[in-house]
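Novice: Those protein sequence lines, which keep their order, are chains A and B.
In terms of the working numbering, the first sequence has 346 at position 346, counting the first letter as 1, and numbering is strictly consecutive.
In terms of the working numbering, the second sequence has 25 at position 25, counting the first letter as 1, and numbering is strictly consecutive.
Quick caveat, the hints were computed from the structure, so don't treat them as lab data.
Check each hint, because a few of them may be wrong.
Simulated restraints on C-beta separations [unchecked claim]:
#  : chain 1 : residue 1 : chain 2 : residue 2 : range
1  : A       : G334      : B       : R85       : 35 to 43 Å
2  : A       : T356      : B       : R68       : 47 to 55 Å
3  : B       : A82       : A       : E171      : 41 to 49 Å
4  : B       : S4        : A       : L230      : 34 to 42 Å
5  : A       : R397      : B       : G48       : 56 to 64 Å
6  : A       : R364      : B       : R8        : 51 to 59 Å
7  : B       : G48       : A       : G334      : 38 to 46 Å
8  : B       : R68       : A       : G334      : 53 to 61 Å
9  : A       : R397      : B       : A82       : 22 to 30 Å
10 : A       : R198      : B       : S4        : 58 to 66 Å
11 : A       : R185      : B       : P26       : 22 to 30 Å
12 : A       : R198      : B       : R8        : 46 to 54 Å
13 : B       : Q38       : A       : V128      : 55 to 63 Å
14 : B       : Q88       : A       : T393      : 17 to 25 Å
Looking from chain A toward chain B, a few residues come up when the C-beta cut is under 8 Å (computed) [unchecked claim]:
#  : residue
15 : A254
16 : G255
17 : K256
18 : H298
19 : L300
20 : F301
21 : D313
22 : G322
23 : A341
24 : P344
25 : I348
26 : P350
27 : S351
From the three backbone atoms N, C-alpha and C, an ideal C-beta is built for every residue, glycine too.
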Amino acid sequence: MSVSSLALHVPDNAALNTDPRGNLALLAAMTRGFARSGDFAEMVRAGLQRITERLGAEASSLFLIEPDSREIVCFACHGPVDVTDLRLPWGTGIVGRCIAEDAIQMVRDVRSDPAFAGAEVDAATGFVTRSILVAPLTVGDDQLGAIEIINKISTPGGDHLFSTEDQGLLEALCGAAALAIANMRLTARLVEQERMAREIELAAAIQRSLLPVIADPDFPIHGEMRPMHLVSGDFYDVVTRPDGRLWFCVADVAGKGMNAALLMAKTSSLFRCLSKSAATPGALLAAINAELCETASHGLFVTLACGLYDPADGRLILANAGHEPPLLHDPATGALVSLEAHNPPLGIDPSLVDATAETVLMVRPGQTLYVFTDGVTEASDGEGTMLDVAGVTGLIRACADVPPQARPVALVDAVLAGGRAQRDDVTMLVLARKDGFDA
Amino acid sequence: MSVSVSNRGGAHIVTLAGEIDLQTSPQVRDAVLDSLRQGGAVVIDMGGISYIDSSGVASLVEGFQVARRQGVAFILAAVSPAAMRVLQLARLDKVFAFQPDVDTALAEGI
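Construct the complete structure from the given sequences, taking the supplied hints into account.
Specialist: Encoded structure:
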């Protein structure tokens with residue numbers, strides 16, 4: 001708090017609140033000012049100066065209610081004493097009573113009002129508060145604060161007291177100011193939402209860039225990931241080893257939203273990095289688990305199915321940490337084999353993952369392995385009935401003739417067709433071994 | 001979804017019912033962690049759960065992790081078939097301690 005000047009500012013009589021047309025002009029000018037964008041604090045200070053001069057008063061302040069603490073805080077002021085940032089507990093002072101009762105207060109002699117709380121400020125600054133006119137700033141049921149006018153200085157031939165005309169003008173000005181403040185806050189919220197939306201879009205773009213780009217239609221593995229929102233807790237990846245064998249994985253982080261997306265990015269990096277040195281999928285799962293457990297939080301875990309596939313002979317080693325069981329389909333026989341998980345999800349406890357728990361199988365020519373997340377099985381129709389594994393097997397059989405590079409997209413489209421709602425991120429990876437005739 | 005907490009035999013019983021998903025799982029997390037903060041064993045009565053998604057399971061996993069650090073029992077009791085399918089599919093049946101009902105959990109689990 002500082003005393004900028006203790007000299008009394010005596011306004012020009014011509015500007016005083018005696019002419020209704022002048023009042024309307026002031027109200028119009030201030031409404032226009034509030035509607036303009038720009039420095040809101042500066043706009044409020046200029047507005048307070050005009051109100052003060054118009055009412056023939058000595059000082060004025062605009063108080064706002066702080067949402068969390070419910071304290072009443074001076075946002076801006078005009079006059080010889082700067083009380084900006086002065087904080088009053090809820091209900092304190094004449095301004096506090098005005099806000100608590102949501103009613104204008106006109107106190108012509110503060111010494112006779114026990115609620116007056118400015119004695120300390122007066123003592124510290126030498127300012128003398130004599131009379132107060134304070135009106136609430138309210139929009140609908142939303143209480144924002146109050147504008148307080150201090151010390152009527154003079155009226156031509158008047159009594160140095162605030163009048164009912166002053167009261168009416170202040171109430172009208174408070175209406176315009178309250179709307180301006182509500183608009184300013186709404187704009188600030190929209191700007192913040194816009195900023196967050198841009199950040200999420202950026203995060204989503206980064207996430208998409210973490211997925212592999214497979215342009216070769218003859219490549220054995222293809223995938224599709226469709227987030228429920230912008231960012232995803234799912235991912236899939238494929239890494240080609242120097243010996244020609246392929247690492248692949250499909251993973252699903254518990255939950256949705258930004259925390260799941262961040263853990264997805266971390267797990268994806270770990271998969272890429274640790275697959276370069278891991279000997280087997282089981283060992284890779286154990287290594288990723290150990291890293292995730294070091295920084296686990298909020299119980300977030302990752303289900304992950306990964307494999308090491310040799311396109312030369314179809315040999316596949318699978319390891320599965322709590323993930324939806326992959327399905328091996330043989331169109332020649334119609335058989336669909338479910339390959340169950342052996343380990344619990346990653347990121348729960350370093351001792352829980354058994355590095356030797358693996359499934360070894362040969363993918364014969366014509367057979368296809370489907371690895372997907374529970375967003376596939378949990379897609380539900382209008383009655384809440386989930387697609388489930390039985391529904392997925394039906395779709396796999398129906399899409400068996402779609403070329404492998406187009407099959408993940410076709411399957412995800414089919415999962416989300418028929419009025420089924422997406423309840424989660426949806427990922428589908430297809431590993432197809434060409435049949436013997438065109439291999 | 002409903003969450004209620006009671007005390008029996010020095011243990012906290014957290015009773016869950018209905019659908020536990022992204023919207024409702026924070027309530028489960030709060031109830032589980034509040035109970036663990038007060039000390040003593042925690043039994044989760046899961047008989048009334050009709051659906052639980054991965055965010056709900058994550059709340060239980062966090063409870064398991066905190067209980068393990070504190071050296072107290074954390075038991076899932078009367079797990080409904082719907083919830084058990086989810087836990088078994090993710091092989092979380094290897095992680096949690098289970099009891100058929102709350103009474104057995106209190107008598108034998110803690």
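Novice: Hints first: check each against the structure and report whether it holds.
Specialist: Here is what the structure says about each hint:
Remark: the range hint 35 to 43 Å for G334/A to R85/B is contradicted by a beta-carbon distance near 26 Å. Taken as a hint, the range 47 to 55 Å is violated for the pair T356/A and R68/B, whose Cβ atoms sit roughly 24 Å apart. The hint said 41 to 49 Å for the Cβ distance between A82/B and E171/A, and at roughly 60 Å that hint is violated. The hinted window of 34 to 42 Å between S4/B and L230/A holds, with their beta carbons roughly 36 Å apart.
Restraint check, R397/A to G48/B: a C-beta distance of roughly 37 Å breaks the suggested window 56 to 64 Å. At roughly 57 Å, the beta carbons of R364/A and R8/B sit within the given window of 51 to 59 Å. Roughly 40 Å separates the CB atoms of G48/B and G334/A, a value that falls within the hinted 38 to 46 Å. Judged by the Cβ atoms, the range 53 to 61 Å given for R68/B and G334/A is violated: they are separated by roughly 46 Å.
Separation of R397/A from A82/B is about 27 Å and conforms to the stated range, judged on CB atoms against 22 to 30 Å. Taking the beta carbon of each, R198/A and S4/B are about 42 Å apart, not inside 58 to 66 Å as hinted. Taken as a hint, the range 22 to 30 Å holds for the pair R185/A and P26/B, whose Cβ atoms sit roughly 27 Å apart. For R198/A and R8/B, the Cβ-Cβ distance of about 51 Å falls inside the hinted range of 46 to 54 Å, so the restraint holds.
Between Q38/B and V128/A the CB atoms are about 56 Å apart, so this pair conforms to the stated range of 55 to 63 Å. At roughly 19 Å, the beta-carbon separation of Q88/B and T393/A lies within the given 17 to 25 Å, and the hint holds. At a threshold of 8 Å, the smallest CB-CB gap from A254/A to chain B is about 4 Å, leaving the interface hint in force. The beta carbon of G255/A comes within 4 Å of a beta carbon in chain B, closer than 8 Å, and the hint placing it at the interface holds.
Interface hint at K256/A: satisfied, since its Cβ lies 6 Å from the closest Cβ of chain B, which is below the 8 Å cut-off. Because the smallest distance between the Cβ of H298/A and any Cβ of chain B comes to about 6 Å, under 8 Å, the interface hint for this residue holds. For L300/A, the interface hint holds, the least distance from its beta-carbon to any beta-carbon of chain B being 6 Å, beneath 8 Å. Annotation: interface hint on F301/A holds; nearest CB of chain B at approximately 6 Å, less than 8 Å.
For D313/A, the interface hint is violated, the least distance from its beta-carbon to any beta-carbon of chain B being 30 Å, above 8 Å. Using the Cβ-Cβ criterion of 8 Å, the hint placing G322/A at the interface with chain B is satisfied: the shortest such distance is roughly 4 Å. For A341/A, the interface hint holds, the least distance from its beta-carbon to any beta-carbon of chain B being 5 Å, beneath 8 Å. With its C-beta approaching chain B no nearer than about 4 Å, P344/A sits inside the 8 Å limit, and its interface hint holds.
Taking 8 Å as the C-beta contact cut-off toward chain B, the hint placing I348/A at the interface holds, the least distance being around 6 Å. Given the 8 Å rule on beta carbons, the hint for P350/A is violated: about 12 Å separates it from the nearest Cβ of chain B. Contact between S351/A and chain B, as hinted, is not supported at the beta carbon level, the nearest pair being about 10 Å apart and thus beyond 8 Å.
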